[in-house]
Amino acid sequence: MKVLISTALAGAFALGAGAAWAETTLNALFMAQAAYSEADVRAMADGYMKAHPDIKLNLEFVPYEGLRDKTLLAQGSGQGYDVVLFDVIWPAEYATNKILLDVSDRITPEMKAGVLPGAWTTVEYQGHKYGMPWILDTKYLFYNKAMLEKAGIAEPPKTWDELSAQAKIIKDKGIAQYPIVWSWAQAEAVICDYATLISAYGGKFLDDQGKPVFNEDGGLKALEYMKASMDAGLTNPNSKEYLEEDVRRVFSNGEAAFALNWTYMYNLANSGDDSKVKGQVGVEPAPGVEGISKVSAMNGSMGLGVTTTSKNPDAAWDFVVYMTSQKTQDAYAKLSLPIWTSSYDDPAVAKGQEALIAAAKVALAAMFPRPETPKYNELSALIQVAIQQALLGSATPADALTSAKEQSGL
Amino acid sequence: MTSTRTDLRAWALMLPLLVVILGVVSWPLASTVHLSLTDAGMAARSGNFVGLGNFTRNLGSGAFRAAFVNTAWFTAVSVSAELVLGVLAALLLNQEFRGRSFLRALMILPWALPTVVNAILWRLIYNPEYGALNSALYQLGLIDAYRSWLGQPSSAMMAMVVADVWKNFPLVGLISLAALQSVPRETLAAAIVDGAGPWARFRHVMLPYLAGPLMIAIVLRTIEAFKVFDIVWIMTRGGPANSTRTLSILVYQEAFSFQRAGSGASLALIVTLVVMMLAVAYVAIMRRTALRV
Amino acid sequence: MERRSPAFTLFVYAAAALLGVCLVLPIFWLFVMSVSPASDLAAKPLRWWPEHLDLSRYRLLLTWAENTTGKDFLSALRNSLTVAGMAVAAALAVAVPAAWAVSRRPSIEWSLQVLIMTYMLPPVALAVPLYMGLAALGLLNSVFGLALIYLSILAPFTTWLLKSGFDAIPRDLEAAAAIDGARLDQTLRIVILPLAAPVLSTAALFALLLAWDEFFYALLFTADQRAKTVTVAIADIAGGRIADYGLIAAAGVLAALPPLLIGALMQRAIVAGLTGGGVKG
Numbered sequence: 001m002k003v004l005i006s007t008a009l010a011g012a013f014a015l016g017a018g019a020a021w022a023e024t025t026l027n028a029l030f031m032a033q034a035a036y037s038e039a040d041v042r043a044m045a046d047g048y049m050k051a052h053p054d055i056k057l058n059l060e061f062v063p064y065e066g067l068r069d070k071t072l073l074a075q076g077s078g079q080g081y082d083v084v085l086f087d088v089i090w091p092a093e094y095a096t097n098k099i100l101l102d103v104s105d106r107i108t109p110e111m112k113a114g115v116l117p118g119a120w121t122t123v124e125y126q127g128h129k130y131g132m133p134w135i136l137d138t139k140y141l142f143y144n145k146a147m148l149e150k151a152g153i154a155e156p157p158k159t160w161d162e163l164s165a166q167a168k169i170i171k172d173k174g175i176a177q178y179p180i181v182w183s184w185a186q187a188e189a190v191i192c193d194y195a196t197l198i199s200a201y202g203g204k205f206l207d208d209q210g211k212p213v214f215n216e217d218g219g220l221k222a223l224e225y226m227k228a229s230m231d232a233g234l235t236n237p238n239s240k241e242y243l244e245e246d247v248r249r250v251f252s253n254g255e256a257a258f259a260l261n262w263t264y265m266y267n268l269a270n271s272g273d274d275s276k277v278k279g280q281v282g283v284e285p286a287p288g289v290e291g292i293s294k295v296s297a298m299n300g301s302m303g304l305g306v307t308t309t310s311k312n313p314d315a316a317w318d319f320v321v322y323m324t325s326q327k328t329q330d331a332y333a334k335l336s337l338p339i340w341t342s343s344y345d346d347p348a349v350a351k352g353q354e355a356l357i358a359a360a361k362v363a364l365a366a367m368f369p370r371p372e373t374p375k376y377n378e379l380s381a382l383i384q385v386a387i388q389q390a391l392l393g394s395a396t397p398a399d400a401l402t403s404a405k406e407q408s409g410l
Numbered sequence: 411m412t413s414t415r416t417d418l419r420a421w422a423l424m425l426p427l428l429v430v431i432l433g434v435v436s437w438p439l440a441s442t443v444h445l446s447l448t449d450a451g452m453a454a455r456s457g458n459f460v461g462l463g464n465f466t467r468n469l470g471s472g473a474f475r476a477a478f479v480n481t482a483w484f485t486a487v488s489v490s491a492e493l494v495l496g497v498l499a500a501l502l503l504n505q506e507f508r509g510r511s512f513l514r515a516l517m518i519l520p521w522a523l524p525t526v527v528n529a530i531l532w533r534l535i536y537n538p539e540y541g542a543l544n545s546a547l548y549q550l551g552l553i554d555a556y557r558s559w560l561g562q563p564s565s566a567m568m569a570m571v572v573a574d575v576w577k578n579f580p581l582v583g584l585i586s587l588a589a590l591q592s593v594p595r596e597t598l599a600a601a602i603v604d605g606a607g608p609w610a611r612f613r614h615v616m617l618p619y620l621a622g623p624l625m626i627a628i629v630l631r632t633i634e635a636f637k638v639f640d641i642v643w644i645m646t647r648g649g650p651a652n653s654t655r656t657l658s659i660l661v662y663q664e665a666f667s668f669q670r671a672g673s674g675a676s677l678a679l680i681v682t683l684v685v686m687m688l689a690v691a692y693v694a695i696m697r698r699t700a701l702r703v
Numbered sequence: 704m705e706r707r708s709p710a711f712t713l714f715v716y717a718a719a720a721l722l723g724v725c726l727v728l729p730i731f732w733l734f735v736m737s738v739s740p741a742s743d744l745a746a747k748p749l750r751w752w753p754e755h756l757d758l759s760r761y762r763l764l765l766t767w768a769e770n771t772t773g774k775d776f777l778s779a780l781r782n783s784l785t786v787a788g789m790a791v792a793a794a795l796a797v798a799v800p801a802a803w804a805v806s807r808r809p810s811i812e813w814s815l816q817v818l819i820m821t822y823m824l825p826p827v828a829l830a831v832p833l834y835m836g837l838a839a840l841g842l843l844n845s846v847f848g849l850a851l852i853y854l855s856i857l858a859p860f861t862t863w864l865l866k867s868g869f870d871a872i873p874r875d876l877e878a879a880a881a882i883d884g885a886r887l888d889q890t891l892r893i894v895i896l897p898l899a900a901p902v903l904s905t906a907a908l909f910a911l912l913l914a915w916d917e918f919f920y921a922l923l924f925t926a927d928q929r930a931k932t933v934t935v936a937i938a939d940i941a942g943g944r945i946a947d948y949g950l951i952a953a954a955g956v957l958a959a960l961p962p963l964l965i966g967a968l969m970q971r972a973i974v975a976g977l978t979g980g981g982v983k984g
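As you go down the protein sequences, you meet chains A, B and C in turn.
So for the first sequence, this note's numbering puts the first residue at 1; every next one is plus one.
So for the second sequence, this note's numbering puts the first residue at 411; every next one is plus one.
So for the third sequence, this note's numbering puts the first residue at 704; every next one is plus one.
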């Protein structure tokens, strides 16, 4: 009897120990919005778990708006996620507050050489790397080929003024009531569209000393362009309350001739089941401004990093490497394009989305950064309000931006 | 049995409740008070003592004043609308007609609908392109073009008030109805015999019965409206141009988005104080009017 | 009652119809959206009644399989039930003795009034310390942690409701029981609770609805299928990448179903609770 019990105990113990060995659990935070779909991310994770039966992945998906708050809260508590998705605008803050592991030493020379140089800025702060770039993204100009053709427009616009002119033709001919749709809600989305325009007008958010200069030159002209476009009825007035998904819905329903949005919209609008504009979607780098820029683009990329509180940083990093590997990214290249240079010349990746790849090659090389500061979120919130005030007509663009500058305390 | 012993026994029976509140509310509250006197950020967590600096700075800031006005407006308009519509619904349900108990059952529905679902439902209704409101008004010929209800400062706050009132006036209505039904029939009949018109009957016969329960409903609704977070968070997140940013949203931004836990804590305490002052004012009014009606 | 003129009767019925439509229409529209094909919902102007029923969203949300939206949503429903159930049971457990004590010893009623004041605290005022506290106890992203927080919201309020119920029970009954030699807990169990059953069920009902409704703490303190409640899940669905409004509507219908059913079935108890002095104080 005694023997039996001790055998049973030993067995139970062995089982328990076995389970402990088999199950390293990693918690990872992703977003349920642009870029890779939730289904894609889950499929990638399943692929990883199949290859690593000793790892169990818990994936959490939150809207973009919740990503940073969740990460910071979890960090404050000293427990939480092992791997987090982060936006290009957060490394400064995350590094300052020691939220992400400095992984500069873990990046191999092959990685360094293989990834597009512009992509690294997504994960860098003051020369250190805090993760791997994963979603390489910028705002593209999407257009409805059928509408342009109907309006007798042969070529999509090369400059923002041309965009306005073409939109005017489309509006006057009654092809679309509001030809252009953007995501100008009081959220980070509006800053992305604004940043694209700033880059076109050769402006800057902050000068070399970190002082705000977005209220003059390019920054001011960018906002004036937005306002003029809305006042002329070329821009859908509902843009003021739209996020990216609303833009996609309006564009996919064939109610706009032009839209500014991320990579993911291309395949969803051009071949998605819920799209009414299948096969009619054209994509170009966002236009430029005559004499200043040929194209415009902003860095809307995101990276995957390992948190400083992770108890299994090595396993977590291994997962990050897998998710950002060329093999994984090439296999899921429909909603987000790879970070790897050679992928862009791979016919398998380009298949069915040649136009997107062509636009990406130009745009990704021109990506303009949003300001790099630990206080980014506050600055962004102030500019969001300034843009909305100008669009609503409660302040002139110059006054609104100057007021945001003064309140920023930078 | 001595009175002290029974008191002691009563306290013993209160103990579990006291422990819960002490553990889950008082200790965090003390911690928030402490936080509010420091310049702590969130991730850094340790802060320096700054006295009442957070309070004076926030009370003087334009952001606080704007959020305060938004919140006060939201509270005043939605609570008064809930009060008026609730009492009207109660007066209606106090009449005898076929289907009355069914209608009374329907009053439960908006109130039982979760706040978050309610906010999402109304956001869908207000959608500028595919929302039911635009479509209905357009088809009825009341507007000639679709509007951006949540994208205009002039209508965004009102749109949120409508959503809030729709969900909450039935509760006020049910409370009022219960009070109305406690009015003795003889009293009413006597008033009719005396030739009192509908208004006089309402004012002098029903209102004395209504006043107490209504006051409590108003207090509860005011407190809730002043703390409003969920519905704003879901519908507008404070936009456009901060025109719907209420105090709770401001606190959230300050503490979480801008990572100023100390300053956020001070704002949260200011909100609490305002709510308490409102509640005290109500109770005072209630005491005084109780003598008159 | 005075005789009503025909015009007044007509007015009453018209007003009743208007009220009924106002109450039902938004909820009914939520349901219609949830069964309309996506193309109907993107039509301009809208198609108000679906040509054919589209139940695909319900199928999607109610499918329990690894790594699906359905599992996410159903786990959230389960978590909401668990959290609300635990919180309500615990709230009643602490509220019954406290309410009885306050009801029979008016001299300590001030303590309950102080506790009720906690209702005035905006949740944002406590969120940060609570987060740290839960983290220290390992109760983040846990149904137990969330239930504990909800308990603190429900308990004072439940006590208050129960106290007014107990007030209505004559003291003679207890005195009689005491003379018969019953201990306090026996008196409570055998004499008071059966009499207080209606107010107990009303209090439980209100508490349940309150717990089901909570969003802010759940948003901050839960993360995934292990604890995320349905209010957060539906907000995530509405805020995430969903092109189809029908899916958001279907999730809304499912999330609202439990409280709506409870409300409809128990409406007598609710109205009785409102009449029975609870709200009258």
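Hints listed in this document are in silico derivations from the structure and should not be mistaken for laboratory results.
Some hints could be false.
[Said to hold, decoys possible] Have a look at the derived ranges for each label pair, beta carbon to beta carbon: (1) C/T771 with B/W437: 49 to 55 Å; (2) C/K774 with A/Q126: 51 to 57 Å; (3) B/A482 with C/A967: 33 to 39 Å; (4) C/G773 with A/G409: 46 to 52 Å; (5) B/S511 with C/L713: 31 to 37 Å; (6) A/P117 with B/M687: 56 to 62 Å; (7) A/K98 with B/A482: 48 to 54 Å; (8) C/R971 with B/S490: 25 to 31 Å; (9) A/Q126 with B/A482: 42 to 48 Å; (10) B/Q549 with C/F711: 30 to 36 Å; (11) C/R750 with A/G279: 21 to 27 Å; (12) A/A39 with B/W421: 55 to 61 Å; (13) B/S511 with C/E769: 43 to 49 Å.
Just so you know, even glycine gets a beta-carbon here, dropped at the ideal spot from N, CA and C.
> Against the structure shown, which of the earlier numbered hints fail to hold, in ascending order?
Replying inline: 1, 2, 5 and 7
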